[in-house]
Each structure stands twice: as structure tokens, then as C-alpha cells.
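Engineer: The residues making up each chain are set out below.
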Amino acid sequence: MKKHVFVIGLAATLALGASAQSNDTLAKVKASGSITLGVRDSSGALSYTLGEGKYAGYHVEICQRILANVEKAVGKKLEVKYQSVTSQNRIPLVQNGTVDLECGSTTNNTARQRDVAFAFTTYVEEVRTAVRANSGITSIAQLNGKNVATTTGTTSVQLLRKHERANGVDFKEVFGKDHADSFLLLESGRADAFVMDSQILAGNIANAKNPAEFKIVGEVLSVEPIAIMLRKDDPAFKKIADDTIAGLAKSGELAKLYDKWFVQAIPPKGAKLNMPASDNNKTAWANPNDKPVEDYLKK
Amino acid sequence: MSWDWQVFLTDDGSGRTYLEWMLESWRWTLAVAGCAWIVAMLTGAIVGTLRTLPDRPWLVRLANAWVELFRNIPLLVQIFLWYFVVPKLFPSFQQVPGFVLVVLGLGFFTSARIAEQFRAGIQALPRGQRHAAMALGLTTWQTYRHVLLPMAFRIILPPLTSESMNLLKNSSVAFAVSIAELTMFAMQAQEETSRGIEIYLAVTGLYALSALAINRVLAWVERRLRVPGFIAAGATGGH
Numbered sequence: 001m002k003k004h005v006f007v008i009g010l011a012a013t014l015a016l017g018a019s020a021q022s023n024d025t026l027a028k029v030k031a032s033g034s035i036t037l038g039v040r041d042s043s044g045a046l047s048y049t050l051g052e053g054k055y056a057g058y059h060v061e062i063c064q065r066i067l068a069n070v071e072k073a074v075g076k077k078l079e080v081k082y083q084s085v086t087s088q089n090r091i092p093l094v095q096n097g098t099v100d101l102e103c104g105s106t107t108n109n110t111a112r113q114r115d116v117a118f119a120f121t122t123y124v125e126e127v128r129t130a131v132r133a134n135s136g137i138t139s140i141a142q143l144n145g146k147n148v149a150t151t152t153g154t155t156s157v158q159l160l161r162k163h164e165r166a167n168g169v170d171f172k173e174v175f176g177k178d179h180a181d182s183f184l185l186l187e188s189g190r191a192d193a194f195v196m197d198s199q200i201l202a203g204n205i206a207n208a209k210n211p212a213e214f215k216i217v218g219e220v221l222s223v224e225p226i227a228i229m230l231r232k233d234d235p236a237f238k239k240i241a242d243d244t245i246a247g248l249a250k251s252g253e254l255a256k257l258y259d260k261w262f263v264q265a266i267p268p269k270g271a272k273l274n275m276p277a278s279d280n281n282k283t284a285w286a287n288p289n290d291k292p293v294e295d296y297l298k299k
Numbered sequence: 001m002s003w004d005w006q007v008f009l010t011d012d013g014s015g016r017t018y019l020e021w022m023l024e025s026w027r028w029t030l031a032v033a034g035c036a037w038i039v040a041m042l043t044g045a046i047v048g049t050l051r052t053l054p055d056r057p058w059l060v061r062l063a064n065a066w067v068e069l070f071r072n073i074p075l076l077v078q079i080f081l082w083y084f085v086v087p088k089l090f091p092s093f094q095q096v097p098g099f100v101l102v103v104l105g106l107g108f109f110t111s112a113r114i115a116e117q118f119r120a121g122i123q124a125l126p127r128g129q130r131h132a133a134m135a136l137g138l139t140t141w142q143t144y145r146h147v148l149l150p151m152a153f154r155i156i157l158p159p160l161t162s163e164s165m166n167l168l169k170n171s172s173v174a175f176a177v178s179i180a181e182l183t184m185f186a187m188q189a190q191e192e193t194s195r196g197i198e199i200y201l202a203v204t205g206l207y208a209l210s211a212l213a214i215n216r217v218l219a220w221v222e223r224r225l226r227v228p229g230f231i232a233a234g235a236t237g238g239h
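Line by line, the protein sequences are chains G and P. For the first sequence, the working numbering gives the first residue as 1, with consecutive numbering after it. For the second sequence, the working numbering gives the first residue as 1, with consecutive numbering after it.
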């Protein structure tokens with residue numbers, strides 16, 4: 001199904017690629033009177049659907065703050081449209097102008113920076129490992145020869161591959177088609193561990209039949225800055241986004257928003273992720289920046 | 001838009017290039033589709049034939065049930081049933097590799113459709129052929145082996161070709177249960193390289209190439225098996 005969406009995105013890219021290259025989003029939304037936010041159906045607490053075309057999440061809320069400032073800048077109220085995007089089509093849709101501001105869970109990396117721009121980092125993801133609590137596994141080294149689940153179409157797959165090569169460990173990788181599927185692999189015993197972004201692990205555990213049966217263990221395998229994505233070469237629009245985020249960070253409101261989505265109970269089921277902000281997050285908020293993931297790995 | 005086909009020559013992190021990985025996943029696609037095709041053809045031919053047997057109401061009902069069961073459940077759901085539900089009921093299935101489960105799932109799904117084609121092919125023959133065979137003193141087995149099935153098979157070759165091509169394309173569901181085939185490669189590699197358009201174009205090309213190859217081979221079979229003066233005599237092959 002994702003493929004279909006992608007093909008539509010592809011067709012749209014080819015059709016609009018040539019015509020919609022005016023990179024002045026502010027002028028565009030002022031002229032059309034509407035702005036389109038790209039959102040995800042299930043990207044953990046960052047961006048997800050509540051059904052009936054309603055979207056919520058940490059990044060969706062930050063985008064709404066940015067939107068308020070965009071409305072001030074263009075001097076009129078804008079109609080807000082939500083466009084659900086996938087990992088496959090989000091970049092083409094931002095490039096071709098279908099989506100003006102992508103409020104999902106996109107990792108900021110140098111490869112993507114050739115195609116799009118990112119606002120200041122709002123969330124720093126840590127890739128970790130979830131296991132069944134009774135498995136006795138506490139570190140990645142114990143996974144030698146075990147079945148390790150991860151989700152097709154995520155950077156964690158590549159991460160595992162590199163880790164395997166560098167440390168001479170031998171995982172048997174099993175791939176779920178989406179995060180819920182990968183978690184089912186862990187739950188049903190087909191996999192002994194699930195390696196993924198920690199907020200996704202926490203989200204799946206929170207929604208499991210019995211959350212106490214699972215825990216997140218071991219070292220942080222990777223750190224990734226997740227940011228709101230917008231069109232490249234549009235300094236005025238990026239400045240509004242960056243200033244909004246820097247302002248929220250400075251006033252401490254960003255930390256409160258984080259707390260609201262990642263620690264407190266969130267709709268629709270009132271599940272709690274219980275993920276207090278990591279040091280990486282606090283560092284990013286203290287010095288707002290749009291550094292790509294490569295800069296984090298150098299450290 | 002700028003192309004970057006060099007992406008296929010870059011290392012994927014484990015010491016092989018994306019091109020090598022893609023060809024490897026192409027082999028998985030062909031392996032899944034090939035094995036499932038054998039399962040589907042054998043089961044489909046048997047079940048389809050059973051559905052036309054005279055005076056064997058229970059065998060006919062059993063075969064009808066087979067077709068309705070596997071035809072009415074979405075393919076992806078069937079694959080998940082094999083992968084997650086069956087091992088819950090029969091723990092020994094936990095040890096069966098995912099590949100075998102996908103081949104069975106895909107094979108049985110397609111077998112229901114092929115069975116329907118066999119039934120249609122057999123029933124499309126004039127009733128006189130069966131009666132003539134009976135009048136000659138042939139047993140039911142001989143009637144099917146020497147009179148009905150050879151003609152029915154020729155009649156249904158065109159839809160069988162389509163079904164075989166469908167089977168190849170349907171094999172893309174195997175990615176859902178961790179088979180490293182082309183669709184999985186496409187989803188994974190486009191994420192890692194951010195060159196989705198190049199990756200998907202290449203994968204699309206391989207699917208199209210494989211499906212076209214099946215089409216050409218079966219069109220050739222169709223021409224070779226043609227009985228002059230009978231069905232498909234005027235056809236020029238292809239469809």
C-alpha cells in the first residue's frame with residue numbers, strides 16, 4: 001500500500017517538479033490563504049492520527065505554534081490542511097509544494113539536506129533495544145546468535161548491519177513490515193529483541209496487553225536529531241520556524257511540551273510513555289541548531 | 001530533478017553494494033514465486049479437477065470448501081495467519097522457516113484461483129467428450145488423463161499465464177514476514193540512501209522484466225501445445 005502512495009507521490013513530483021519551484025512559502029500561503037502540514041499516521045508521540053482526519057503529537061503541536069507566527073507574518077488567518085505522509089513520499093511531497101511544513105518524525109541528515117531543509121532540532125532520538133522482561137538480556141552483546149527484530153524501511157536496519165560487522169556479532173535479523181508488526185515478532189517469541197527508536201519502543205510497550213512484560217535495556221546504539229522539515233532555500237520561512245522553536249526552548253515551554261507528550265498520559269487511550277527528556281534532548285534545547293545526524297555521530 | 005544512479009555502487013554497511021543486495025533480493029523474489037508456483041499449480045490442478053468429478057459429492061464439496069477458504073481471505077491476512085497464528089496453535093510450526101510458510105501461503109492462495117480456472121476449463125468442454133470417453137469404456141481416471149485434462153489445460157493457458165504473472169507480483173507480500181525480497185529491498189534501501197526514485201525504478205524494472213519473461217515463456221508453451229483445428233487455432237499467441 002505504501003508503494004501506491006509512493007507512486008502517487010512520484011507522479012506528483014514529476015508533474016509538479018518543473019512548475020512549483022518558487023521557494024517562497026510565505027508568498028505562496030498568503031496568496032492561497034491555506035497552508036498544508038505533513039503529518040504521520042503513527043510516528044509514536046511525535047505525530048499520529050486520532051482518527052477522523054485529526055492529528056496530534058509533540059511535533060504537530062510545535063507546528064501549530066509555528067503556524068501562529070506564520071499567520072502573524074502574512075497578516076491573515078490561514079486555512080490549515082493536514083496531509084498524511086509516509087517515509088517514502090514525505091521528501092518528494094515537501095519538494096513539490098504539496099506539503100509546506102512536515103511535522104512527522106524525520107531524521108535530519110546530510111543526504112536529505114541536499115533536497116530539503118530542517119528547522120531546529122526539537123527531539124533527539126536514541127536507538128535502543130526492547131526485550132521481554134523475563135529474558136535476562138541486558139546488553140546488546142548478549143544478542144549473539146539471537147533473533148533481533150527491526151522494521152523494514154528504517155535506519156535501524158542499517159545500524160544493526162554496521163554494528164554486526166564492526167563487533168563481529170552475529171544476529172539473526174527478522175523484519176516487521178511496520179513497528180506494530182516488529183513488536184508482535186517480539187511478543188510472539190519470533191524475536192528475542194526489538195531494536196528501534198526508543199520512543200517507538202516505549203509507545204509499543206505502553207500499548208501492549210501487559211506493559212510490565214517488556215523493558216528497554218542496553219546501550220544507546222545511535223543518536224538521531226529529529227526535526228520539522230521544510231523546503232530548501234526559503235530563508236524567511238525557515239527563520240520563522242527556527243525562531244519559534246528557539247523561543248519555546250528559551251522560555252522552557254518546549255520542555256513542558258515534551259513532558260506533556262512523552263511523560264504524561266496522551267490521547268486517545270491515555271497511555272504513558274514515561275520517557276523523561278534525555279541529556280541529548282536537553283543539550284539540543286539549550287543550543288538550538290539544525291545539525292544533521294552526522295555531527296552527532298562524530299562526538 | 002537530478003539522477004544519482006551511482007547510489008547502486010555504494011556500500012550498504014556490510015561490505016556489499018546496493019546492486020549486489022538488489023540482485024540477491026531479486027533471487028529471493030524468484031525463489032518465492034517459483035516455489036509457490038509449483039505448489040499452486042499442483043494443488044490447483046488437483047482441487048480444480050476434483051470439483052468436476054461426477055458422483056463424488058463429498059470430494060466436490062471438500063474441493064469447493066478449499067477454493068472458498070483460500071479465495072475469500074486477503075492474501076496478506078493469510079500470510080500472517082501462517083506466520084503468527086498457526087505457530088500459536090501448533091508450536092512445532094515455530095521452527096518452520098518463514099520462507100516455507102510464505103510459499104505455502106502464497107501457493108495455496110493462488111491454488112484456489114487456479115483450481116477455479118481448471119474447473120472452468122473442464123466444464124467448458126462439450127459434454128459429449130466425457131460421454132464419448134465413457135462409451136469407449138475408459139475409467140474416470142483415464143477419461144480425465146487422456147480426454148478432458150489435455151484439452152482443458154490448453155483452454156486455460158491464457159488465464160494461467162496471467163495468474164502466474166500475478167503470483168510473481170503477489171510475492172511482494174513476503175516482505176511482511178521478513179523475506180529479504182525485492183519489495184523489502186526497495187523500502188529499506190530507499191530509506192538508507194534517500195534515492196527512492198532510482199531504487200524504485202530499478203525494482204519496478206526487475207518486476208516488469210520477470211513478469212514479461214513469464215509471459216513470453218508461457219506464450220511459447222501455448223504456441224507449442226496448440227492443437228491445429230481445435231481451440232486457439234487462430235490465435236497468434238500472446239494476449
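It is worth saying that the hints were derived from the structure and are not from the lab. Any given hint could turn out to be false.
With a straight-line cut-off of 30 Å between C-alpha atoms, the simulated DSS-like cross-links for lysine-lysine are [to be verified]:
| id | chain 1 | residue 1 | chain 2 | residue 2 |
| --- | --- | --- | --- | --- |
| 1 | G | 260 | G | 250 |
| 2 | G | 215 | P | 169 |
| 3 | P | 88 | G | 291 |
| 4 | G | 269 | P | 169 |
| 5 | G | 72 | G | 146 |
| 6 | G | 72 | G | 54 |
| 7 | G | 28 | G | 238 |
| 8 | G | 238 | G | 172 |
| 9 | G | 282 | P | 169 |
| 10 | G | 238 | G | 269 |
| 11 | G | 238 | G | 81 |
| 12 | G | 260 | G | 77 |
| 13 | P | 88 | G | 209 |
| 14 | P | 88 | G | 146 |
These numbers were taken from a predicted model, which means no experiment stands behind them.
Engineer: Evaluate each hint against the coordinates.
Structural biologist: Each hint tested on the structure:
1. 260/G / 250/G: 17 Å, holds
2. 215/G / 169/P: Violated, because 39 Å separates the two Cα atoms, which is more than 30 Å.
3. 88/P / 291/G: 47 Å, violated
4. 269/G / 169/P: 38 Å, violated
5. 72/G / 146/G: Violated: residue 72/G and residue 146/G sit about 55 Å apart, past 30 Å.
6. 72/G / 54/G: Holds: residue 72/G and residue 54/G sit about 24 Å apart, inside 30 Å.
7. 28/G / 238/G: 14 Å, holds
8. 238/G / 172/G: 43 Å, violated
9. 282/G / 169/P: 48 Å, violated
10. 238/G / 269/G: Violated. Residue 238/G to residue 269/G sits at ~34 Å, over the 30 Å cutoff.
11. 238/G / 81/G: 19 Å, holds
12. 260/G / 77/G: Holds, at roughly 27 Å.
13. 88/P / 209/G: Given that 30 Å is the threshold and the Cα spacing comes to 17 Å, the pair holds.
14. 88/P / 146/G: Judged against 30 Å, a Cα distance of about 20 Å means the pair holds.
When the structure is compared with the earlier hints, violations turn up for hints 2, 3, 4, 5, 8, 9 and 10 and for no others.
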